[in-house]
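**Q** Residues per chain, in single letters:
There are 6 protein chains.
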Amino acid sequence: MRLTRRYRFSASHRLHTPALSEEENYLLYGKCNNPYGHGHNYVLDITVEGPVDRHGQVAPRAPLDELVQERVLARLDHRNLNEDVPELAGSVPTTENLASIVHRMLVEHWNLKPRLARLRISETDRNTFEMEASGDGQ
Amino acid sequence: MRLTRRYRFSASHRLHTPALSEEENYLLYGKCNNPYGHGHNYVLDITVEGPVDRHGQVAPRAPLDELVQERVLARLDHRNLNEDVPELAGSVPTTENLASIVHRMLVEHWNLKPRLARLRISETDRNTFEMEASGDGQ
Amino acid sequence: MRLTRRYRFSASHRLHTPALSEEENYLLYGKCNNPYGHGHNYVLDITVEGPVDRHGQVAPRAPLDELVQERVLARLDHRNLNEDVPELAGSVPTTENLASIVHRMLVEHWNLKPRLARLRISETDRNTFEMEASGDGQ
Amino acid sequence: MRLTRRYRFSASHRLHTPALSEEENYLLYGKCNNPYGHGHNYVLDITVEGPVDRHGQVAPRAPLDELVQERVLARLDHRNLNEDVPELAGSVPTTENLASIVHRMLVEHWNLKPRLARLRISETDRNTFEMEASGDGQ
Amino acid sequence: MRLTRRYRFSASHRLHTPALSEEENYLLYGKCNNPYGHGHNYVLDITVEGPVDRHGQVAPRAPLDELVQERVLARLDHRNLNEDVPELAGSVPTTENLASIVHRMLVEHWNLKPRLARLRISETDRNTFEMEASGDGQ
Amino acid sequence: MRLTRRYRFSASHRLHTPALSEEENYLLYGKCNNPYGHGHNYVLDITVEGPVDRHGQVAPRAPLDELVQERVLARLDHRNLNEDVPELAGSVPTTENLASIVHRMLVEHWNLKPRLARLRISETDRNTFEMEASGDGQ
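Residue numbers (numbering that gives the first Met the number 0), protein chains in the order written: chain A, 0 to 137; chain B, 0 to 137; chain C, 0 to 137; chain D, 0 to 137; chain E, 0 to 137; chain F, 0 to 137.
Take these hints with a grain of salt, some might be off.
[To be verified] Cross-link-like lysine-lysine pairs, in silico, DSSO-like; alpha carbons within 30 Å at most:
1) K112/B / K30/F
2) K30/B / K30/D
3) K30/B / K30/C
4) K30/B / K112/A
5) K30/C / K112/E
6) K30/F / K30/C
7) K30/F / K30/E
8) K112/E / K112/D
9) K30/A / K30/D
10) K30/F / K30/A
11) K30/E / K30/A
12) K112/C / K30/D
Worth flagging that the hints you see were computed from the coordinates, not collected in a lab. Being a predicted model, the structure only gives us computed values, none of them experimental.
Next up, chain A with everything else stripped away, as it sits in the complex (with noise of 0.2 Å):
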């Protein structure tokens, strides 16, 4: 059985990387390379898997909730990704790159029975990226 929990967070960003020329820069992000940067309303969508038990749950919700909270959400709602977000200091915060961070904070303090199976977000309507998780957090 899988549960599929959806959290929402608000950041900014700006897609820039120092390996390239500002001309390079702006024909490969184009407008998310604005100097100042721009933002959205990201959706997380958590996914866990693992049998039912006996009072009829993949997981009780409120140990998974405590733990996007803690770990992500307190982390990156409300924040400039490419200022406030120690883990992505060096690389583009491109919501791939986000999702892996994501993906990081989880596992590494993963202390639920059920395993982490998916891990999505949506950037706008249009883009959504998905990972399966894996690793040794889960």
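With chain A fixed as given, assemble chains B, C, D, E and F onto it according to the hints.
**A** Chains B, C, D, E and F alone, transformed into the frame defined by chain A:
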């Protein structure tokens, strides 16, 4: 080819297990343990899978709708899951248990060519439960 | 300037009036008359109206949220509208009557500068009830 | 007849006023006061009103889109509202103030036959700001 | 009290007027002028207004649904608006003209106690047409 | 990492096969068999999969958008699927067959580094068709 067809139903429930004390019930189920129950607009997504037939369909829509209507919606829509659904007697009507019941309701009478591949129930916009279908009924 | 702020709650109800016979009740309320009740995810939109203050706001968000949480959501969320809400005693818990109750709950304790302008409750995606706010409380 | 046409843009902002102390700013604007800003996917609904012309339209779509694109979206989309929008200089970029600016951007160059009737901006699913249009530009 | 009830229908149309040349038609209607037509999933919102009756309703749901089904949906759903709808003969099937037709279809046979207050049709997520209802039928 | 990017198009179709009698056609396709056709707002979700490159992306957005625009949307948007799409000649324009065509349109000219992983088309909110991508084009 997979076709996912969406259905909706409204129902009420109360989460409470006699295996736990009053305090433990409240700790585990939170507001869902309120004595007189509450309710939701559930969204049910049924996914069938198979080859496309010579009329261009993975499954004719009418027999699928009839099966879901007769086996599932007629028994759950505008019902109290604690009182009105014999299949849930003795178990806590969490959406996990509800998904298992709906799966069984469908596979027991499955008479369609494409196999039942997946079943998904959303309790609210924030909670979606999903199970890969399996077993003899498909 | 108008600000509409959206809240959500889940509740159960049964539509039944002692003024009508069993048959008349079923004819009038249909499936909503099922004896053990059913439920919905309600969406509540509160609209306030007034000038924009020197801090750029028609209404600070925190006091509005506190008022709605304390007067409305704490009394309706995860409740049985027939059993748990004294304000609805003696009336059928249709969403029309629910809207009137919510209106009264708000205006009786309205302590915000902008006036309460409109109140909207959706029972499902298909049914939305709306009333212009009025009276002394605003 | 009224036509409401929906546009979208993404932007970042920080809510902070020099008229208040650090503590007062945080108390008033909450997480929106975070020093490096955050962002949103804004939804902009423009409503025009007038008679239906002999070609069956209240307003041809192309000139309306061009006006909104040129006067509004080109200046706000993928921008930082604190840094990139001269019209907001000296005011806090709340969505209330943003709505007033967008209204002014539109009426100053309004050259369409139907009048601008209403303007609505959603910051998130939970917050929608609405103003009836007025003034000489329509 | 106002109740807005949502209905859906799918239809095709081509926007073209014999009053204009081929070039002018294309300039005015754009892709909607493509010779073989295209289509949409329309959303129809019907708003009725009146006092709440002693059974707690502004309008019983069943007679409203029957009226809309019989007068509107049965004539428009899964239809070609250029070919199948006599009321649109001689006019371009824009959504503005469609809204006027639906308004007439409803008021001509209006037999409900609450008045028809508003009618709204969305052609896509981006285009919504709205008219206050008026006339003898209400 | 998977990126799903959402596109939209509007088209009309009629479901009818010469292999069946009039009655059989109507029985099989229901209202979709109406002689003059009807239409939908289709939603197309394209999923690509691959490693994240050193600029933080699984796929640059611009080339993907260009490919989908040129190979798919330019041929389907605001079109009549029975008349305007040579690839569908001789087959019934069900959404199953439409999905296969779109898949072929994409893989034949696929020139992006990440592979095409999945393709999903929704005809309405109630019907979604999905196929895992496969073949030489990826």
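**Q** Output the numbers, in ascending order, of every earlier hint that fails for this structure.
**A** Of the numbered hints, 8, 10 do not hold.
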